[in-house]
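With the hints as a guide, bring both chains together as one complex.
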Amino acid sequence: MKRYGEHRFPGKLFIVEGIDGSGKSTQLMLLHQWLQAEGYGTVFSEWNSSPLVKETTRRGKKKQMLTPATFSLIHATDFADRMEHNIIPLLKAGAVVLCDRYIYTAFARDVVRGMDPKWVRELYSFAVKPTGAFYYRVPLDVAMKRILDGRTGVKFYEAGMDLGLSEDEEESFKLFQGRILEEYEKMVPEFDLIAVDATQPIEEQQSQMRQTVKAKLAQAKRLRVAP
Amino acid sequence: MRETYGVVLPGMSLADLTGKLIVIEGTDGVGRSTQIRLLKPWLEQQGRAVLETGMTRSSLAGSGIKQAKEGHTLGRITLSLFYSTDFADRLENEIVPALRAGFVVLTDRYTYSLMARAMVRGIDPAWIRNAYSFALKPDAVFYLRIGVDDLIPRVVFSSGFDYWESGMDLHPSEDMYESFLKYQTSLLQQFDRLGEEYGFEVVDASADVRSVFERLRDGIGRVLSGEPREPLFAVQRPKETAETGPESKAVEVPAPGKVVAAGTDN
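First to last, the protein sequences are chains A and B. What the first sequence shows, in my numbering, is residues 104 to 330, in sequence order. What the second sequence shows, in my numbering, is residues 7 to 272, in sequence order.
Take every hint as true, because none was put in to throw you off.
Straight-line distance between alpha carbons at most 27 Å, and here's what the computed DSSO-like set of lysine-lysine pairs gives:
1) Lys258/A - Lys289/A
2) Lys164/A - Lys72/B
3) Lys166/A - Lys72/B
Quick caveat, the hints were computed from the structure, so don't treat them as lab data.
The shape of chain B in the complex, shown without the other chains (with noise of 0.2 Å):
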């Protein structure tokens, strides 16, 4: 039966949620939704139903949010409470339905951003866990990661640098670029920390976005068909689809030229 990190919501049974909860985590401009785009239509061919969710995407909360991070008047505990109450109605209202209809629930970003994002602001760790201990174990999580050097340009050509993604209101002395470096450094390393400690499995987001997407897609290929997953959280190259040998499933994999730009998450 699933679990969750902790307590249990009124109302909520764990037993039946017979789908697979996919998470895509990793930081922004790190190409995310672009994989999303391209793994939600492979699903789907497969004859997956696929649910795709994201942050700030609830009925309840999402708007209230996203006029707060505009006007940048929230405080941090209260912004951090905000994200859980927009977490909590789209995992009752969207993630725990789908499970139970037997959805592969693709989801961009899940707790683990919340919390990095929140212990980088200097929230307790304790506290944070607590907070969230009422989310679902997903099957898998996989981790787009990259460096900061890595990072800096697709920033940079694609939406520019965000107010809050760049920790704006943690350096508010400094430019931009500066605020940035720092906050993306420190959000990393929390990051790297979380992937230990939840086991992500690390994609190296640095590769061509149709090597990451084959190593997506064999990802949840072993998760879907129930095989044993690879170590946990060893950063892995980018290798030969003929070792695993899941492209006899014919799958039209897009061609680098052909595949869109990173998304402006936010």
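Chain A with its partners taken away, still in its complex shape (with noise of 0.2 Å):
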């Protein structure tokens, strides 16, 4: 069973981490589309990928059945088979695998809720280290904004609703994502994530990720993709 930092495969991970609202899901999209244009296999792994540990997640949600413990344990279970089954063999094929949050958003929400950081940690050490990790910073009122414009309300365990932290679920929200920015600081130095100001321009963004994307790319054979 190989360990965080052991892993040694052909392809490349970058991922993106952040909370609601900082623009990283818009950013990957965007390096997916370049990284597709410049001839690399690309491969965008889905969360929740798995229809079993799905089912059961989907089900515990709905019916708030969880505790801290188990949506902890049951989102490393869903991950694990996403390692297992998807992104380690992709990345023994030599794919640039692309992921949309990564270890650091249980990190940041399980220590939130209450876990043992060196637990959580322990407990999603069979991941691949990625070749790039990508951390949108963003001040929590820009983030509220983008999120409240743009949708009708939040979830249940998005709103942090299970901490009891506030009886409002805006409220809610936002004393939650102040406590999930003040993990993701703390994990900029511990996992090296690259900090990026996501309140610049989102152009600006795009070319400093793939300047450094390029960088760490500059070794890596070129899975042709048939057109």
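The following block contains the structure:
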């Protein structure tokens, strides 16, 4: 069983992290377009891929059966399934794999829910260390404005309602995301996350991202995809 | 106060867990469920409320694990974590509330079986110990120990060879018998190692159902009365009940003839 940092694969793994409304998904989508145009075999790995685990997660969330412990463990189960059946085979095949959220999301959420930080890190130690991990740093009020403009409401666990921070969903969401932000900030030095100022114009952020990715891909072979 | 093997889950108070947590461990086909079926009424006759629980019985993850095992689709880390989810759900929703209410919790296997199976499949021992480090330390673990040679006839004449219990995921090219031998041999080695580490009380499960029951009844009787336990991890011979004396409680022990056959444990 290989641990974080011990895996050596021909493929490359780039991931984005940040709170909701940080614009990380937009940045990853733009990177995907560019990598494909450059001729890299690029695969987007979706969150929640296993139908079986997904069913358990969905039921647990819908019926609000999840405690901090089972929330943490069921997400780790789902992530392990993606790692074993999706991400690792793709990296072995030499693909460039892109993930919207990675283990750092779990570290932030689970620790805010009261799980032991060391325990969660060890739980996910089977994960492949990303070639590049981008963290989209955004002030809470900017993110909140972006989200609440575009949505009708937030879901129970998304708002951290299980923590009982506030009866009001919007207020709870704000408090919860604020704590998530604090956890992300601790992880920037711990895991060498590449912090990007997510208040800059989108094209500016994308150009920085491409430069960094380009440098890290210099020695990677191009897995050509037939047109 | 009760302890865990490491971390304490958020919101779980370890104070006032006055019940007793008793684990029956052992490999598949060893007769755990038969013994639990005898122990529960015996405890209830003495006025003890009993909660019986076992693996993959959680309302959250139990059915998902069963489906996943039918399809043989999950990787070994994924399956370990799925089991851990199931265990956490039962710990929080069944075991801890029952202990708080003063019940005797009889559990058909605990984290040790799950650890042994994972380690046989090449999972890092330090990783799996961490994954289960939120588990409560039980009051006693009775390990029903059996050699592979004694195990084979029991399995053949009850449920037959099972894909997972034969480790077919590890030796897909073998026939089930060959695979079963290899798998159960390494599983028993892991159990023995865990037994030393965690201080299991070993019960020789090759004996007849009645003798095994008497050994368990004596051991559990000691735990409930707070008497010191027997020396750790020494394989015990079935002994005369006259030595310990709890037969004076006039408990009805089923005659060997009317005992149910070993159940189909999964």
